[in-house]
Amino acid sequence: MKRFTYELDSDLSVSPNIGLVILQTDESMEYELKRWLPADYRIFHTRIANDQSIGSDSLQAMKARLPDSLSLLPEHTPFDVIAYGCTSATTVIGESGVESAIRSVFPKAGVTNPLTAIKAQLTEIGAERIALLTPYVPEVSEQVVTHLKSCNFDIAVSGSFYEALDYRVARISQSSLIDAITQLSTDSHLEAIVVTCTNLRTYELIDKARELCGCPVISSNSAMAWHIQALINNSCA
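Anchor point for the sequence shown: position 161 equals 161 in our numbering, and the numbering is continuous, going up by one each time.
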């Protein structure tokens with residue numbers, strides 16, 4: 001067999017490299033981010049083990065698993081951004097805890113998560129008075145409410161589907177989501193409506209919800225896509 005010599009490119013692509021840490025039970029985030037992010041972004045996925053039932057203890061347990069999950073991403077890829085895809089777990093673990101776990105494996109990458117992304121986008125559009133829709137059980141929803149209030153957001157009204165099982169969250173119908181969003185939008189002074197959880201399917205309904213409510217509607221996945229692009233653009237500035 002003849003042996004050939006070869007040259008190496010300095011990198012596989014000049015396009016941004018994005019690493020996504022996705023919950024084992026999440027069935028929506030991959031689909032939605034691929035549609036919200038530019039087509040030339042190179043997206044790498046890894047999964048993190050989690051319980052099907054979403055509660056404070058099961059969410060907190062993911063903190064210790066993050067480094068192992070991150071280590072499954074290709075080590076020689078120069079990642080521009082690493083995104084951890086769980087709003088409620090970031091609330092329970094804490095943004096700094098999530099960031100430190102990511103930086104322990106990828107110290108040079110930009111870091112985001114849905115909670116940080118939602119707050120950044122709300123700040124960008126100047127929205128403080130908001131409505132909040134979650135799928136979570138009350139003990140988890142209340143932690144999200146408390147956190148957002150501590151960051152000086154005014155939660156005018158909130159609502160939830162009170163669902164603990166993540167596979168059911170992924171199957172909440174578009175009509176149920178639209179109905180809940182419109183019911184929360186009756187306050188004429190609302191500046192935005194926030195829909196949390198990366199497992200809720202929001203890609204197809206965001207524009208319709210915005211038209212019905214007359215104000216911006218931000219979901220965990222739409223905010224993550226927006227923040228990933230903002231981090232990329234800032235790093236290139």
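Don't take every hint at face value.
[As the list claims (entries may be wrong)] List time: in silico DSSO-like cross-link candidates among lysine-lysine, alpha-carbon distance up to 27 Å: (1) Lys34 to Lys119; (2) Lys63 to Lys34; (3) Lys2 to Lys119; (4) Lys149 to Lys34; (5) Lys34 to Lys108; (6) Lys2 to Lys34; (7) Lys149 to Lys63.
By construction, these hints were calculated from the structure, which means they are not laboratory data.
Here's how the hints hold up against the structure:
Taking the CA atoms of lysine 34 and lysine 119, the gap is near 22 Å; set against the 27 Å cutoff, the hint holds. This hinted pair checks out: lysine 63 and lysine 34 have alpha carbons roughly 25 Å apart, not beyond 27 Å. For the suggested pair lysine 2 and lysine 119, the alpha carbons sit about 58 Å apart, so the restraint of at most 27 Å is broken. This hinted pair does not check out: lysine 149 and lysine 34 have alpha carbons roughly 31 Å apart, beyond 27 Å.
The suggested pairing of lysine 34 with lysine 108 holds, with an alpha-carbon distance near 23 Å, which does not exceed 27 Å. Distance check on the hinted pair: lysine 2 and lysine 34 sit about 41 Å apart at the alpha-carbon level, beyond 27 Å; violated. Between lysine 149 and lysine 63 the alpha-carbon distance is near 24 Å, which keeps this suggested pair within the 27 Å criterion.
Violated hints, in rising order: 3, 4, 6; the structure is consistent with all others.
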